[in-house]
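Residue numbers (our numbering), protein chains in the order written: chain A, -5 to 320; chain B, 162 to 805.
It is worth saying that the hints were derived from the structure and are not from the lab. Incorrect hints may appear among the rest.
Claimed, not checked - Pairs of lysine to any residue, SDA-like flavour, derived with a Cα cap of 20 Å:
no., chain 1, residue 1, chain 2, residue 2
1, B, 344, B, 284
2, B, 344, A, 104
3, A, 244, B, 742
4, A, 134, A, 244
5, A, 85, B, 284
6, B, 738, A, 195
7, B, 347, A, 240
8, A, 252, B, 677
9, A, 240, A, 313
10, A, 142, A, 195
11, B, 738, A, 196
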Amino acid sequence: MTQAYFLEVYNLRKLFRAGRPGIFSRKARYVHAVDGIDLNLKRGEVLALVGESGCGKSTLALTLMGLEKPTDGKIIFDGEEITHADDRTCKRLRQRIQMIFQDPYESLNPTQTIEEIVAEPLVVHGLERSAKTRQARVVKALEDAGLKPADTYLRRFPHELSGGQRQRVVIAGALVLEPNLLLADEPVSMLDVSIRAEILNLLADLRKTRQISIIFITHDLGTVGYFADRIAVMYLGRIVEVGPTKEILKNPQHPYTKALLSVIPVPNPRLRRERVILQGETPNPIDLPSGCRFHPRCPKVSEECKVSDPAWREPAPGHRVACLKV
Amino acid sequence: MAVQTTELKPSVPSSPLLDFWRVFSRNRMALVGLVMLVAIFVGAVFASQLAPYDVTTSENITINDIYNPPSSTHWLGTDDAGKDVLSNFFFGARVSLIVGFFAAFISVVIGGVLGIVAGFYGGRVENLLMRFTDIMLVIPDLPLMVVIVALTKPSLLNIIFVIGLLGWTTTSRIVRSQTLAVKSRKFVLRARAIGAGNSHIIRHHILPLVMPLLVVNAILVISLAILDESTLSFLGLGDPTALSWGQMLNFAFGRGAMSAGAWWALVVPGFGIVWVVLSLTLLGHGLEQVLNPRLETHHLTPGRPVIRSEIPWRQETKKGEAPILLDVRDLSINYITEGKPPARAVEKVSFQLHEGELMGLVGESGCGKTTLMLALLRLLPAAGQIVGGGAYFTDKELTAMSEAEIADVRWKGISIIFQGAMNALNPVRTVSDQIAEAIIKHSPPIPRSQLDARVVELLDLVGIAAQHKDHYPHQYSGGMRQRAMIAMALACNPQVVIADEPTTALDVMIQAQILELLDNLRRKLGLSIIFVTHDLGVVAEMCDSVLVMYGGVTAEYGDVDTIYNAACHPYTQELLKAFPDLSNPEKRLASIPGYPPRLEALPAGCRFAPRCPAAFARCASEQPALHSLGEDHFASCHLVEASP
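With the rest of the complex left out, here is chain B (with noise of 0.2 Å):
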């Protein structure tokens, strides 16, 4: 079976590096917190070139050199013995680096190993190294430090051993932390199910998904290690033949500086120590964010109003007909991201949803369904913007509107059920406390007693009974968790409902129980309701129209019969192919080949083309019209063009 590759681009060597630094660069706080390191580095490696004096010898010093001010010859000032200030910077940063490098990394490799180990292999080995940790971290460091660093030799190497050794706690309750979330995962077990041991996953498995945590929590261990050892030198308890910035302000602070009016030899070592902790906090933010991008983007933010569009509001219906509630007419939505051109998520799609109906809009993933709906309540990711068309709710444009004004619109005349039930409830509050403040947000002050008796009621309609109403949604199972969701969007008795993907990841009986409530709530309370899915099955025996979307275009609109029985795009009618035919189970199953096309990279010509049966030449270049095939029926082919 040949599957078409036609969207993929020869396969480029990707190198992990490289898109690191491409993000990493466009962070500009991380960029600043890189180079603030570098610099003081530089200075470090440096120092002996650097520093206009040499500091290791005191010859030539005389009592006149005594805590000088900043001059030509000393620009930084000289301290209490007469050395150049900005020499014992320069060497002061080699040794406060030092020990704050060496130092973290022996932190980090106890807290990473012990919290890895913690994690994975969890049972009485978790529970003794996670209680040993515990009582390290009550016990409070720096006094710990001081006596050990006081009963023991003051030297560089004893003073990195012992920040090294007690810093580790918090690494290793955050790697414990992450490796249980990563062990819990899906691939962890595929790992196990072809055969690999424990060291195969840690090191394949584990460690990589740790490690970017692990280097952000190093960046911080760093800061923290040299801070400690500044406090350390300050105390007197510094190695007393390596000069650091703790103990330039030691010896500053001991030998009357203050007194003297010689803030410089004060002020300097602040500052060095400062710049390296800032530096380093800034590179450990912008890390953070370029390693988790999901903490900056993917906010539902509102949309921004966009111009009003020129088509004005039609109102006129058939006669016998339902007035139309929501009146959607060339909506194109575009993604937009920095750098790179536009992406076209939606395109000029048109429905009309009339009062009462249940419309089905399917598509395959990726195809703009849920961008469609998001637009219309202005709930798009932030990068999403409505760039053309217009949206009506009876007579008012939704398109338009102010934020206060859509505000007013959101659950009051339109809602949505959004897919995951279980991502979508809060974990820590009661199904009925959820549904009681989608109550109050949305209406005016009621007294407690109504407000619960209407939360009873709601349950009632989803058929939840009142005894579950205080329970949590991890008490609830998935049927009725999505059950709690509908109730919580009927909540302020809203017209049109959208229900997106509400049975995806429910068994088949669980999924027909929701299609029979929604279909039932809708005779009930006369809704209208917007059923997405990718299922065609699932909306066959409910829905009155269907529009069938692909690659962010309407492929067909219809009522639901035709699109069934009579559909003419070629998607169509290869979708219902590809439906398994219980009354016929030797046939071979219809399969569309390829996959749907990327937004990135949308075909010039139709977007179904490279799948479709029945391209021809003009397919490959010319995006086809939504052609009107008769009453209410619509389809974008140019194989229907002729059509009457």
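Same shape as in the complex, but just chain A (with noise of 0.2 Å):
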């Protein structure tokens, strides 16, 4: 039997404690940080995850990277099951799954070499022992990822690059492992407008030459339509509205989706269009609200919506949303 997907996420949970349990109180809150998330990716795929800061969408990340433990659901990659991986099987994985972080500035440590710091990955994982093989397999990384010539940043340190360079180290780092998925969360927020193309473009010159999954994290919808094959929308720890790119863009039916992509900013004045501004921003995860999460800021929102909790409905095939007034 052929694997359908390659990653696959069954009502996944994650919920962190907010504080203790006071002397008088003895309901322990929660922060609804990921709240029953449903994904499906195929191999090759890209799936762009969009989301405001406060959604989840970062510890959905650092959930399926098996770095914090999920509540509940269930994860199952490459057709085993790794919700609730041992050490021996997570340091496994870790081969296999791979993150880009956002921030190049930080993500990088200034006392290491920039081979040091590629290398990195094969010396935890025991891999390529002898220094010749090792620093060919560094080359080749640092290449994948456009620094070349290679050579000239070997014994460079991560202060005498430029954000886009060290963005590319990042994903040299990454790339050293040859793993089938990758995670990267925000990899082009913190760069410039001209460079920002560059990496996106390297990202999607990986999926095709080298069958990469990539879930793609970003708040920002404007960046995802040149890559990203589905889009998956979220809000406070949920999907509410998933389906492929051309659709999303072209058809979004979420209430939330349209404020989104009314809000991307357009470099022509004379396109200056109507903008759907939500007032306010992401409700706290602690004390979710009623019926839909989105009605406190929803513009139009009805009396059902505090009541009753959308369930999926699909306007076409694979389009998939979460709202009563669809």
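Bring the two chains, given one by one in their own frames, into a single complex with the hints.
Below, the structure written as structure tokens:
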């Protein structure tokens, strides 16, 4: 039997305790960071996970990485259930699932050279014990990440590189293990616009040439249109709309998705248009709103939304949305 | 995909040690400390050669030799046993330094290990270790040392161990807090993500970053250990077979040097102790500056006033146009570092800001946009200097004002919303308090009730409800903090507000909220705004004019429609192409290859030439001038020269 999906996630939940229960209150309070997520991903597919800060998208990534233990739910990676993997399985899995972090200024150790940084995963996993073959792999990873010629970079320190170059080093460090799944957490949001396009194109190329599956986490719908196959929009720990990229961009159904799309800056003053600016910010995920979680900020809210939690509807094949108004 | 690496020199084997020495040798204080320390070390190591007399034997000493004053035979006199004080000094240095260094070694190892373990593992381990440290801290060291040394045999080894075992508490506390700080940094998370275990993370990520602190701390621990040893010996608890400076003091003091007037017997060992402690303190202080260079530089010091520019103030405006508020003409700013050619951060930038105008200042990081804005307020870092041109605010020349005059313009005339709202707010004071401070600082005294009303009014203006006014910054979300920063900038009714990347770290939705707010404020209060950003998309929807900077020079300057729809400079054109176009998502994203130039390695010709798709031979050798392309549209490119 061939596997339909490379990564499957069922009803994943991750709660954090919000402080200890007090002397007088027995009831512990929880932060519902990830609160019932279903996801799937095919080999070589790019899924964009879009949402504002505080929606739980980074916690979801850390849970998929095994860096946070899920409270509930199931994660199946390449046919193997890894929800509660032990340390050894985790270590083995990390060769196949890698992560790119948001801030290229913070995610590199300033005291290590570029070579040490990129070689570190090999050292940790005991691969390529000979210095020569190890360096060859480092050079290849750097060149794959677009840092050519690689030997001009090997002995440099992170502070000698620009933001875009550093992010390429981070990507090289993730590539050196030849992973199958890449979790990219806002990989371009700290970079200048002129550099962003290069990094996005690099990721798109990697997916094409290596069949790497990518989960691309971002708060900006504008950057994902180019290479994501599907978009999942997250709000307060849940996915509210998911579907093929074109479908979501051309025919968004959820009021939240519509609002997110409307505020993408358009670099042309002649196209000044009506924007749906949601007021307030993502509510605190400790005291969740009743009914539909989005109702306090929703421009189309009705009484019904305040009481019933919307179920999935499917306006088009593969396009699912959780809103009562659809 | 090939990436241009033209600005990279071939990789020179850069040695961190060599770099360290280069910076270290420039620090005079550290250097003096080091020389002093080396001198006393040489004295101790070669004590047998340097000492004029052998102090280990008491042969040939008579009663007449006791407490002889300094003379040609005994340069520093003799002590109570008739021995040469200078010789005692050298041999005493040996013992004092041995005790100091070995005891400090023990302390630093214990403190370092406990601190790292406590900081790294946290939880119960940390609780246990830190409470133990607290208990050790409250026990008075000296009496305990005295008791332990008195109870054990007073040998050199015992003294080393007692001092070492009691002196680690401060080290462990400092190391723990540094470990906590390093542990929370993203590269540790990254190491975990690649599968690294705890021991790997401690060895490769925590230790290298704790080490500098540990070294500085070790130096201070050494001097404390030397003082401890001297105290113990002075109290008569030293090893009687090993003469140290403390012991010299003890003998001199106990055996009547004071009454005999033999000051040399007391001053010489005292001098030794002061010498070593002073050298260690200087070295430690200097090292701290070398290892933590940010302590010294990066102050925002008011720039020195420059010579009045020759350009007169131009008042004329075209008919129907709002008056000019800010007129910047050919402003050039250099960063001056000793021993290096000046870095030309901003070169000949001009623009005019009219009343009620919103100008976008667009450029990549390092293009000089923030430098330019800080120069207008004369808040450049110490190394930054205005070297040419001028800037007028209404009819006053900003660049030629005295410190008192410019202080009057800041906030009341021109105010600034700084980048990074979290860092720009003081975490231990309430938001209303900080806004009130901005009002008080810049205006005549007003009664408390009026002040409160004004704070509420300002918060209301930026959309923060009055009930949140007495909250602390950490209770605010990112968007609210940015709103509070805007309220603060508006505190004294400025005419011009500079917003330096006010939305960069914010989500798109919050970004849209802030942009809407600024646009509303502009209409409501008639503000002129300079919106500094690296994102062309952000400013398109609300700006009147746009100034695009590249590598410190104006690339293109014009009204918003011209910039977005009829851009002439290849850089502006490429930037616009690099934008994701949602109406056509199948298209490959255009990118500008390469990276912006570094200030210390600017290209000889056009600064954009190495990345420019339209560059030709002339671009590499000649810097293009700013050409006028019709009314209020300028571009600096050789390609547009021919245009009318």
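For the pair supplied as a hint, residue 134 (chain A) and residue 244 (chain A), confirm whether the alpha-carbon distance does not exceed 20 Å. violated (39 Å)
Restraint check for residue 85 (chain A) with residue 284 (chain B), where alpha carbons must lie at most 20 Å apart: violated (24 Å)
Residue 252 (chain A) and residue 677 (chain B) were given as a pair; does the straight-line alpha-carbon distance stay at or below 20 Å? Roughly 18 Å between the alpha carbons, so the hint for residue 252 (chain A) and residue 677 (chain B) holds.
Are the Cα atoms of residue 738 (chain B) and residue 195 (chain A) separated by 20 Å or less? Satisfied, since the Cα-Cα distance of roughly 14 Å is no more than 20 Å.
Are the Cα positions of residue 344 (chain B) and residue 284 (chain B) separated by 20 Å at most? Roughly 14 Å between the alpha carbons, so the hint for residue 344 (chain B) and residue 284 (chain B) holds.
Pair hint residue 240 (chain A) and residue 313 (chain A), alpha-carbon separation not exceeding 20 Å: With a Cα-Cα distance of about 10 Å, the restraint between residue 240 (chain A) and residue 313 (chain A) holds, given a limit of 20 Å.
Within 20 Å, alpha carbon to alpha carbon, are residue 142 (chain A) and residue 195 (chain A)? Given that 20 Å is the threshold and the Cα spacing comes to 16 Å, the pair holds.
Sort out whether residue 240 (chain A) lies within 20 Å of residue 347 (chain B), counting only the CA atoms. Violated. Residue 347 (chain B) to residue 240 (chain A) sits at ~34 Å, over the 20 Å cutoff.
Tell me if the straight-line CA distance from residue 244 (chain A) to residue 742 (chain B) falls inside 20 Å. holds (13 Å)
Are the Cα atoms of residue 738 (chain B) and residue 196 (chain A) separated by 20 Å or less? Holds - the C-alpha atoms of residue 196 (chain A) and residue 738 (chain B) are around 17 Å apart, at most 20 Å.
Given pair status - residue 104 (chain A), residue 344 (chain B), alpha carbons within 20 Å: At roughly 14 Å apart (the allowed maximum being 20 Å), residue 104 (chain A) and residue 344 (chain B) satisfy the hint.
Consistency note: the structure conflicts with the earlier hints numbered 4, 5 and 7.
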